[in-house]
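So the sequences go chain by chain: V and H.
Take the first sequence: its letter number 69 is residue 69 in the numbering used here, and every next letter is one higher.
Take the second sequence: its letter number 94 is residue 94 in the numbering used here, and every next letter is one higher.
To be clear, the hints were calculated from the coordinates, so they are not data collected in a lab.
Don't take each hint at face value.
Stated by the list, open to error - Among chain H residues calculated to face chain V with C-beta under 10 angstroms, some are: (1) Ala31; (2) Tyr48; (3) Ser58; (4) Phe65; (5) Ala93; (6) Glu103; (7) Phe105.
What the hints assert, rightly or not - Straight-line Cα separation of at most 27 angstroms, BS3-like style, residue types lysine-lysine; simulated pairs: (8) Lys100/V to Lys57/H; (9) Lys57/H to Lys11/H; (10) Lys17/H to Lys81/V; (11) Lys17/H to Lys57/H; (12) Lys15/H to Lys57/H; (13) Lys100/V to Lys81/V.
As the list claims (entries may be wrong) - From chain V, some residues computed to sit far from chain H (all C-beta separations above 10 angstroms): (14) Ile17; (15) Ser27; (16) Gly58; (17) Met80; (18) Gly101; (19) Ala108.
These figures come from a predicted structure and were not determined experimentally.
No residue lacks a Cβ here, since even glycine has one placed at the ideal position from N, Cα and C.
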Amino acid sequence: GQSLEQPSEVTAVEGAIVQINCTYQTSGFYGLSWYQQHDGGAPTFLSYNGLDGLEETGRFSSFLSRSDSYGYLLLQEIQMKDSASYFCAISGNTPLVFGKGTRLSVIA
Amino acid sequence: GAGVSQSPSNKVTEKGKDVELRCDPISGHTALYWYRQSLGQGLEFLIYFQGNSAPDKSGLPSDRFSAERTGGSVSTLTIQRTQQEDSAVYLCASSLGSGMNTEAFFGQGTRLTVV
Numbered sequence: 001g002q003s004l005e006q007p008s009e010v011t012a013v014e015g016a017i018v019q020i021n022c023t024y025q026t027s028g029f030y031g032l033s034w035y036q037q038h039d040g041g042a043p044t045f046l047s048y049n050g051l052d053g054l055e056e057t058g059r060f061s062s063f064l065s066r067s068d069s070y071g072y073l074l075l076q077e078i079q080m081k082d083s084a085s086y087f088c089a090i091s092g093n094t095p096l097v098f099g100k101g102t103r104l105s106v107i108a
Numbered sequence: 001g002a003g004v005s006q007s008p009s010n011k012v013t014e015k016g017k018d019v020e021l022r023c024d025p026i027s028g029h030t031a032l033y034w035y036r037q038s039l040g041q042g043l044e045f046l047i048y049f050q051g052n053s054a055p056d057k058s059g060l061p062s063d064r065f066s067a068e069r070t071g072g073s074v075s076t077l078t079i080q081r082t083q084q085e086d087s088a089v090y091l092c093a094s095s096l097g098s099g100m101n102t103e104a105f106f107g108q109g110t111r112l113t114v115v
């Protein structure tokens, strides 16, 4: 089967750097994705890691270590608008299985 | 279409009734996914289609749930004899393929309330 673990909640001050970790178990692993979901909205794609290392997209970066079955999403200079739920998702024998999500609360 | 379209956006039904939820994926997207999300919870995988085939139905919660996809496009998720625990938002997503580096695009969901 496939399973993912990520923290349920994170609270951080505006302007801070936040790291959201994700560990996974799966077979036939292809890659790790990250999605953002604002309250009442649909999930939207943030990033994908198929190879080990860091992928950077503006203020957001994502990291993958295949040997450790571990990845993280790094949010820099967080803003109030970044308050949302963040989901890691694995592509394996069953594509796009999601973790339970991490709720990020940004405070002033 | 421009995006993934789901209908209806809201559905209130009586316990024991059957419901059909519809998903229109982005044109040309071969992969289509169904998820269920309860309030404040994660995305529970239900089923995915590659073309008209469903290689993995293991996420369907019970035999009351079924899904089909026709013409490699529109998909319907059917819930028979609905129960109160079926109340949730049902999300559909589509992507160009189901392999590597495939960004999935989500619809706005159908909010199902079973009373």
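Structure-based check of each hint:
no.	hint	in the structure
1	Ala31	7 angstroms, holds
2	Tyr48	6 angstroms, holds
3	Ser58	7 angstroms, holds
4	Phe65	16 angstroms, violated
5	Ala93	7 angstroms, holds
6	Glu103	4 angstroms, holds
7	Phe105	8 angstroms, holds
8	Lys100/V to Lys57/H	20 angstroms, holds
9	Lys57/H to Lys11/H	24 angstroms, holds
10	Lys17/H to Lys81/V	40 angstroms, violated
11	Lys17/H to Lys57/H	23 angstroms, holds
12	Lys15/H to Lys57/H	24 angstroms, holds
13	Lys100/V to Lys81/V	21 angstroms, holds
14	Ile17	24 angstroms, holds
15	Ser27	12 angstroms, holds
16	Gly58	16 angstroms, holds
17	Met80	20 angstroms, holds
18	Gly101	5 angstroms, violated
19	Ala108	23 angstroms, holds
Of the numbered hints listed earlier, those contradicted by the structure are 4, 10 and 18.
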